[in-house]
Amino acid sequence: MDALTTILNGVPATLGLTLAALALGAALGVPLVVLRRSGNRLVAGFARLFIELLRGIPPIVWLFIIYFGVGTTVKLSSWTAATVGLGLISAAYMAEIYRGGLNAMHAGQWDAAHALGLSRTAIITRVIGPQLVRVSIPASASFAIGLLKDSSVAYTIGIPEITSAAREVSQNSVDAMVPFLLAAGVYVAITIPCAWAARRLDTVLRSRVAR
Amino acid sequence: MSTPRPVAIRVTDLKKSYGALTVLDDVSLEVREGEVTAIIGPSGAGKSTLLRSINLLEEPDSGEIEVLGSVVRAADRIGPKSLNELRRKVGMVFQSFNLFPHLTVLRNVTLAQELVLGRDKKQADDRARELLKRVGLEDKADQYPSRCSGGQQQRIAIARALALDPRAMLFDEPTSALDPELANEVLLVMRKLADEGMTMVVVTHEMRFAREVSETVVVMADGRIIEQGKPSQVFTEPTHERTRKFLSVVLDR
Chain A
1 MDALTTILNG VPATLGLTLA ALALGAALGV PLVVLRRSGN RLVAGFARLF IELLRGIPPI
61 VWLFIIYFGV GTTVKLSSWT AATVGLGLIS AAYMAEIYRG GLNAMHAGQW DAAHALGLSR
121 TAIITRVIGP QLVRVSIPAS ASFAIGLLKD SSVAYTIGIP EITSAAREVS QNSVDAMVPF
181 LLAAGVYVAI TIPCAWAARR LDTVLRSRVA R
Chain B
1 MSTPRPVAIR VTDLKKSYGA LTVLDDVSLE VREGEVTAII GPSGAGKSTL LRSINLLEEP
61 DSGEIEVLGS VVRAADRIGP KSLNELRRKV GMVFQSFNLF PHLTVLRNVT LAQELVLGRD
121 KKQADDRARE LLKRVGLEDK ADQYPSRCSG GQQQRIAIAR ALALDPRAML FDEPTSALDP
181 ELANEVLLVM RKLADEGMTM VVVTHEMRFA REVSETVVVM ADGRIIEQGK PSQVFTEPTH
241 ERTRKFLSVV LDR
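Top to bottom, those sequences are chains A and B.
Each residue of the first sequence is one higher than the one before, starting from 1 at the first, in my numbering.
Each residue of the second sequence is one higher than the one before, starting from 1 at the first, in my numbering.
In isolation and in its complexed conformation, chain B is listed as follows:
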């Protein structure tokens, strides 16, 4: 066994509710550098809320979030400075892609490089083209996103997030809006990213991806983490009855 890698993301005692509905109930999670963590579980379990809390798109009611040295406590007022410091370290990819429809593919990937990192146009363009090439879409640079398939749009969204040189990537059901063939091209890009050692947290319904690519599988239900471990263990001998039920449903499809 090698020495344990340092913790990249640490979430401690996170709580969040909308009125009477508790979506996160005392959730704690650790993700180590270079680790791929898959979060699975029935819908409404709080998976997306947990993921969105990591870069504070969702503001937890209480708890603490630490991302690569930046610490944010829900109890404190979170200023734009610490917010941006934290967000700069993590990239995020959404279920609905969320590309900017009024900008070309290239501009989608360069905009934040110029505005957030202060790169000049040439640097940003070069980096964008290199990333578009990496996701197999360099010929789409001058198109508008509406001219691209869903799978292409999601790969562009991945390039857009990578352009800021994040040290971790969050994926919120990145393939749920895609049919299997298009989902596959996105999963291939994600596998490549994982192989290159990117720290990744992936909320997913793709059980094969969770099984084959992730090092840790986290199972959530009713706003809690009910089980976590290596995929070989969680998928073959789950300890929790709820996990067993969930897996029997999704794996039987």
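So here's chain A without its partners, still in its complex pose:
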């Protein structure tokens, strides 16, 4: 069988895992940043500790803790373990990205929204949220590209993604070079257009709303 075809068969798993973890992280990052910015110092401190723990432990160790450790008491599929593991790490990074964006936002935006009598929900969804998404795009894109590469650790718990496919080809063909170079090429073929698209999107939005 063609080595490249086999490796390309790993692309859906890599993309699927990356997108699922990113979506989980983007969603969980919201409550996490709210807790992190809480006026209650105990709550804020706890959220900060949680974020630092998630960011301080290597992804592979997290996956092992969840899949082999937690997996002994709760039945977890490798997909669930990988998505939850990378999703939690993403939540920590996304919370920090959101926090940076919120800190950069002019306090006057909240003042104006409050003075207009907008409800809390409206302020978040119509005023602060859209601006936050925009300022978070560059950092989120860098993180997403890193996550796509980090998703390769999921091969250790049996997810049939790009690296795992390359390893399989390598073992079957006793070629340690070509399959991994092909895998590298496939990763780059995904990350470079993503980086380019993110930059382009950022430029377009920036030119519209630049202050």
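Read the hints as simulated data drawn from the structure, not as lab findings.
Since the model is a prediction, treat every value here as computed from it, not as a measurement.
C-beta atoms are modelled at their ideal positions from N, C-alpha and C, and glycine is treated no differently.
There's no promise every hint is true.
[Unchecked claim] Cβ-Cβ distance ranges computed for the label pairs, FRET-style:
#1 A:Leu19 <-> B:Asp222: 54 to 60 Å
#2 A:Thr203 <-> B:Asp195: 43 to 49 Å
#3 B:Ser82 <-> A:Leu19: 55 to 61 Å
Chain A is already provided as a structure; the job is to place chain B on it using the hints.
For chain B alone, coordinates are given in the frame of chain A:
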């Protein structure tokens, strides 16, 4: 003399401090309907804090605020309902404009009309265009605020506040971020608004505006109102030494 107009805004014994720093020290103020009140004084006097307390962007430690019949006591827990009731009656304009940069000029003026007053898109658009025309910017409706000069942005901010049909307007140093030429176009809009009988409270360093447009000048220093009266009196024969000093500095420029 005509009969005195009813009180629109009444602030009673307002106190506010940040830690050891007292920014409002027992401040009381009355503004009558249709009256233009200018608040002047050295920086750090508490002018902006007083203004921001009127619509509760700043929560006072104690005291009472009454705006056109809505009463809020600092001692009570202020619920979102009474907060919105009060804020609906007053519009506010800020030194830094604070337009929403991700929305077009038109959307800036229609957003709160739809979300707060429940107007439909057509009603809100019509009202917004009418107000943009009034401030001389109907051709900017589809632009983003970043494409407008500071003076234009501030006029849009005034239109945005007026769109909710407020019964009083608060201006927090509306021209301080603008160079004189742009400041002038904003002041012209404010004069027009005053002529139409809008109740206005203006924190300002524009002494000419305070002198020519306002009916009452309030002088603040160190968190207190040290003097207030008609501009002709405050500017020509101030009773307080501190006022005299402040005026001699700002009028000599």
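> Checking against the hints above, which ones are violated?
Replying inline: 3
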